[in-house]
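Below are the chains, spelled out letter by letter.
There are 4 protein chains.
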Amino acid sequence: MHKNSVAVLGASGYVGRELLEILARHPNVTIEFTSSQSEREINGHRALPLEEAQKHLGDVELVLSCLPHGVSRPAVEEARRAGARAVDLSADLRLSPAAVYGLTEVFRPRVPEAAIVANPGCYPTAALLALLPFAKAGLLDTSRPVVIDAASGVSGAGRSPKRELLFAEVAEDFRAYSVGNEHRHLPEITEHLKPFAGEVDLVFTPHLLPVKRGILATLHLPLKQVLDRSAAEELLLETYRGEPFIRVVRNGIPSLKDVVYRNLAALGVAPVKHVARPMLTVISAIDNLVKGAAGQAVQNMNLMLGLEETEGLRC
Amino acid sequence: MHKNSVAVLGASGYVGRELLEILARHPNVTIEFTSSQSEREINGHRALPLEEAQKHLGDVELVLSCLPHGVSRPAVEEARRAGARAVDLSADLRLSPAAVYGLTEVFRPRVPEAAIVANPGCYPTAALLALLPFAKAGLLDTSRPVVIDAASGVSGAGRSPKRELLFAEVAEDFRAYSVGNEHRHLPEITEHLKPFAGEVDLVFTPHLLPVKRGILATLHLPLKQVLDRSAAEELLLETYRGEPFIRVVRNGIPSLKDVVYRNLAALGVAPVKHVARPMLTVISAIDNLVKGAAGQAVQNMNLMLGLEETEGLRC
Amino acid sequence: MHKNSVAVLGASGYVGRELLEILARHPNVTIEFTSSQSEREINGHRALPLEEAQKHLGDVELVLSCLPHGVSRPAVEEARRAGARAVDLSADLRLSPAAVYGLTEVFRPRVPEAAIVANPGCYPTAALLALLPFAKAGLLDTSRPVVIDAASGVSGAGRSPKRELLFAEVAEDFRAYSVGNEHRHLPEITEHLKPFAGEVDLVFTPHLLPVKRGILATLHLPLKQVLDRSAAEELLLETYRGEPFIRVVRNGIPSLKDVVYRNLAALGVAPVKHVARPMLTVISAIDNLVKGAAGQAVQNMNLMLGLEETEGLRC
Amino acid sequence: MHKNSVAVLGASGYVGRELLEILARHPNVTIEFTSSQSEREINGHRALPLEEAQKHLGDVELVLSCLPHGVSRPAVEEARRAGARAVDLSADLRLSPAAVYGLTEVFRPRVPEAAIVANPGCYPTAALLALLPFAKAGLLDTSRPVVIDAASGVSGAGRSPKRELLFAEVAEDFRAYSVGNEHRHLPEITEHLKPFAGEVDLVFTPHLLPVKRGILATLHLPLKQVLDRSAAEELLLETYRGEPFIRVVRNGIPSLKDVVYRNLAALGVAPVKHVARPMLTVISAIDNLVKGAAGQAVQNMNLMLGLEETEGLRC
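Protein chains in written order, with numbering that gives the first Met the number 0: chain H, 0 to 314; chain Y, 0 to 314; chain L, 0 to 314; chain R, 0 to 314.
Hints listed in this document are in silico derivations from the structure and should not be mistaken for laboratory results. This one's a predicted model, so the numbers in the text were calculated from it and none came from an experiment. Errors might be hidden in some of the hints.
Unchecked claim - Cut-off 25 Å, straight-line C-alpha distance, at most; resulting in silico cross-link-like pairs (SDA-like, lysine to any residue):
(1) R:161 with R:12
(2) R:223 with L:273
(3) R:161 with H:135
(4) R:193 with R:112
(5) L:272 with R:196
(6) Y:135 with Y:48
(7) R:135 with R:223
(8) L:256 with L:239
(9) R:256 with Y:260
(10) H:161 with R:43
(11) L:2 with L:112
(12) Y:161 with L:163
All chains should be built: construct the whole structure from the sequences, respecting the hints.
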């Protein structure tokens with residue numbers, strides 16, 4: 000059987016390793032090489048320094064880049080020059096017309112032919128999958144802000160040693176960061192919401208959870224009209240009908256344990272009682288390393304290579 | 000030295016035990032007896048069945064009740080009949096004119112003479128200490144809702160064995176509950192905000208954190224006018240000047256580790272950027288078992304007994 | 000394609016659910032039904048009360064029982080009478096000649112034809128895989144005791160609500176239990192060691208770890224002669240050559256994260272310095288729910304059904 | 000009231016901060032200054048660079064050094080030359096005749112007059128407090144090895160950022176390290192056992208626990224004669240009669256939660272059944288930052304300054 004050849008750049012972080020795990024079990028791809036600045040072998044795969052790896056980008060059909068922001072874009076552009084297509088897991092191209100934004104369930108038609116797919120960030124994946132159905136249906140009341148309080152496991156902060164990420168600092172703690180709309184990924188949410196809802200005020204506050212992996216986003220949506228629970232669930236079910244990697248929880252609220260180690264976004268809703276104007280709370284849960292990064296990248300890779308979108312993924 | 004005699008009812012739960020720990024180190028009180036349905040001795044103190052304990056309520060100056068909701072009120076009333084004063088840590092009397100609401104920093108003048116103090120709930124303590132300074136200053140824009148996303152450690156759910164509270168269920172998980180303004184303590188927040196701000200729409204969503212203790216509340220306040228960070232901090236500092244158990248974090252955001260094992264509420268603020276109408280995010284952190292329960296109860300007890308408010312407490 | 004029909008009894012605990020997860024992805028089996036006393040549907044599978052389920056045991060080729068100790072044996076015997084073969088995950092038959100002891104890597108030749116396989120306990124799996132290579136090679140000095148200190152994640156204690164297993168009790172704690180050779184699974188280790196080493200004194204002390212899953216056993220083996228690290232590793236490598244589910248870590252020590260969510264036992268060794276008589280420390284790590292229970296059961300089931308031993312399993 | 004003046008060197012690590020917390024509540028001492036290479040203020044105390052701090056050592060009565068191994072000894076010697084006494088929390092002087100070994104309950108008579116006290120390591124504190132009563136009583140069978148498997152919370156590994164100590168690496172993991180008697184603190188145990196038991200073979204294997212603080216040591220002692228549980232408990236009770244910081248748990252086994260945040264060692268025993276020659280398992284639990292470091296240092300400091308040994312400490 001023909002196997003597609005791929006390379007993974009920046010493979011030694013948490014996302015890179017998760018990607019290698021998925022690809023190693025994938026029946027249709029071969030990992031030709033990986034890159035890492037610090038290691039020469041990762042999970043049994045050859046790891047080259049980036050400078051060296053860049054000389055071989057033309058040897059593979061598709062490059063998946065988990066390089067840091069700022070470093071990734073030039074590498075992806077180099078891959079293109081060498082004739083390879085690319086999935087960029089960094090934030091470098093997520094707002095760029097040079098790439099297709101790879102929120103697969105939303106932009107699927109554009110992915111197969113894309114030269115470059117910009118894989119969405121983990122917070123934006125969780126937020127947009129919850130927001131877009133209501134935005135597309137014209138239900139968002141854009142005169143009022145959407146409030147999003149989201150919490151991420153520590154793997155989302157990367158694998159570089161930092162004191163604030165030590166076990167003895169994080170365990171038994173919980174904290175907000177980038178409070179006051181200071182998070183760098185806020186524009187990614189705003190921009191990809193715009194085509195469907197126009198300008199929307201967002202109040203986005205991320206928090207650091209004492210767990211290894213997972214994102215739970217609690218979104219409070221101002222609506223133009225009252226939606227009861229079943230109508231809101233129906234809208235989500237209709238929007239995501241047939242989607243293998245999205246689960247709408249009926250009469251319930253998803254939590255991290257429903258999604259970790261799976262390429263899955265789980266959504267649940269509850270109308271807000273006792274408030275003067277209609278609001279709906281939506282809970283969205285993903286594994287930041289899977290549906291929020293490596294798993295979604297493989298969804299996009301599968302489509303780009305003409306494979307079944309679900310190949311190699313578990314939900 | 001004269002020591003005041005007290006009794007602790009319902010002493011075998013997490014709050015009861017925390018209270019016994021604090022009282023055992025308190026230089027001015029003697030624990031005469033405790034009550035428990037399942038144990039006859041707790042932390043070295045005699046524990047009577049409630050029915051038995053109720054016969055002796057007149058033997059002590061002050062009764063602290065950690066009994067379950069519904070059971071506590073009759074016991075507290077019995078204590079009154081027997082001539083003892085009471086601090087009720089249950090929710091039974093928090094909305095009742097029969098008790099003084101013991102959010103000490105706000106209602107201090109009424110506490111010393113109170114026959115019964117209704118000790119605030121843990122979520123309301125965290126929320127109200129953050130909200131009231133802005134409400135009192137007339138800054139809350141009550142035409143828009145206040146959104147509160149709060150997260151609590153597992154001890155807040157009590158010590159009765161329930162599957163959903165098992166370690167193997169909670170570890171590495173994070174979940175919202177009572178979503179859609181269904182939490183039973185929401186009226187406690189609304190009612191005690193009302194004298195200062197009138198009717199305010201709240202959207203309150205609690206979450207369960209995989210930590211033993213601590214509450215972090217993230218509050219998004221709609222304001223009538225823009226407040227920059229330093230003005231908002233100044234307002235908090237001014238409101239809580241001289242308060243030993245409240246810390247305003249300047250240019251920072253408090254987290255659980257700043258407050259656990261302390262009788263302390265820590266507050267931090269950040270104005271929300273990029274939104275059309277003024278909003279301020281306030282972060283409020285407490286230990287649910289201390290400032291959110293047993294510690295605050297001892298603050299109130301100290302005032303009722305004419306002792307130094309800080310006696311026996313650490314911050 | 001023909002699929003083998005199986006039933007899972009006692010499916011609502013942690014082991015039962017893990018087994019359902021594995022079997023649901025298994026390409027060659029169909030789960031006909033499951034049993035549970037409390038639930039009528041588990042992970043999308045029909046769950047019958049045990050009494051009802053027992054009427055249908057003859058409808059399947061193989062029954063996997065995760066029933067509690069004492070309840071499992073009669074159900075397995077009923078399955079035999081109805082013509083089904085069985086893998087018993089309880090401890091009921093692990094010392095019985097009526098069943099083949101399913102430590103697959105050791106007793107593989109006897110498994111395919113077995114009517115009943117008694118699936119090993121999690122602690123015995125971790126211990127025996129570490130001990131047997133040295134016992135078989137005649138290297139154990141049986142005049143001195145083998146000391147085994149082992150630690151298990153909380154899922155090993157089951158899913159029934161018990162106070163001592165609450166998150167608020169277990170988090171940040173670590174404790175020994177059944178100290179002094181009181182653990183009920185000690186004879187399982189002793190008996191299955193006996194054919195290879197004769198009577199051996201064991202000192203086995205289990206501990207409860209604040210993690211969801213995983214067992215790490217630290218075994219101190221008195222040896223008849225000095226073995227340096229590389230010789231000890233060589234012996235393990237030789238014993239387990241070609242085994243897909245055993246990994247010998249060279250020049251290193253395995254930890255839980257090497258094995259969780261995998262059907263894998265990882266082994267590492269270090270000779271003990273500065274002692275008068277030869278000793279070797281062996282570290283053995285497994286996931287208690289996978290290689291220590293459901294995964295090993297599927298290994299055995301695969302062999303009994305004439306399938307590839309690795310089918311449906313990941314390592 | 001006269002307050003004794005002290006300085007804390009190396010105050011920015013976990014032990015240093017714990018020490019500052021204790022000293023800040025201590026009624027009889029004043030922290031004149033602290034040292035840190037990275038910070039100029041710690042917990043409200045002035046922090047000088049070490050070079051600067053060393054010029055002022057003569058200004059205080061007693062110096063407590065939490066400096067790293069190798070750096071501490073010269074600083075302590077400098078303190079001596081400047082006329083101050085010292086408690087050295089590093090390992091530098093624990094085997095040196097130039098200092099009194101500060102395992103307070105054992106060497107108390109020598110502490111008050113000591114110029115320098117070498118504060119014991121955390122693992123040695125847990126191990127020696129369990130071993131010495133049996134060694135002193137002549138009960139240890141020194142022809143057989145003592146096996147000690149111990150597990151420590153992550154704060155024991157220090158506050159410097161290292162990848163292996165990141166939350167995402169440590170959570171849900173458990174691992175052994177320095178396996179094969181490679182741990183650098185093994186001689187500290189051996190040497191201080193020698194005066195009471197002569198040469199004893201120890202097999203000491205430390206493990207890293209996913210908790211913030213606490214050490215649990217499981218010790219297997221070969222005895223010259225059978226001791227039943229109550230006789231073993233009696234021996235411990237007798238040895239430690241009147242000791243405020245040691246608790247013998249009767250008919251039970253201590254765990255971390257009995258000791259964390261307390262200056263307390265808790266001990267429990269169980270005779271080992273089903274073995275040919277007498278063995279006793281002893282479980283010893285301490286908080287590595289308190290009784291295993293800062294708390295014990297304050298015990299020693301109190302004695303050196305002529306204060307009550309318990310002053311400022313909680314158990």
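Does the structure keep residue 2 of chain L and residue 112 of chain L at a Cα separation of 25 Å or less? holds (19 Å)
For a C-alpha distance cap of 25 Å, please report whether residue 135 of chain R and residue 223 of chain R respect it. holds (13 Å)
Mind checking the alpha carbons of residue 135 of chain Y and residue 48 of chain Y for me, to see if they're no more than 25 Å apart? violated (44 Å)
Is residue 223 of chain R close enough to residue 273 of chain L, meaning Cα to Cα at most 25 Å? holds (22 Å)
Is the Cα-Cα distance between residue 256 of chain R and residue 260 of chain Y 25 Å or less? holds (14 Å)
Just to be careful, I want the Cα atoms of residue 161 of chain R and residue 12 of chain R compared with a cutoff of 25 Å; is the pair within it? holds (14 Å)
Below or equal to 25 Å on CA atoms is what counts here, so check residue 272 of chain L against residue 196 of chain R. Holds: residue 272 of chain L and residue 196 of chain R sit about 20 Å apart, inside 25 Å.
Sort out whether residue 112 of chain R lies within 25 Å of residue 193 of chain R, counting only the CA atoms. holds (24 Å)
Taken at face value, is the distance from the CA of residue 135 of chain H to the CA of residue 161 of chain R at most 25 Å? violated (46 Å)
Quickly compare the C-alpha distance for residue 256 of chain L and residue 239 of chain L to 25 Å and report which way the hint goes. holds (21 Å)
Taking only the CA atoms, is the gap from residue 161 of chain Y to residue 163 of chain L under or equal to 25 Å? Roughly 11 Å between the alpha carbons, so the hint for residue 161 of chain Y and residue 163 of chain L holds.
Holds or violated: residue 161 of chain H with residue 43 of chain R, Cα cutoff 25 Å? Holds, at about 24 Å.
This entry does not satisfy hints 3 and 6, going by the numbered hints stated previously.
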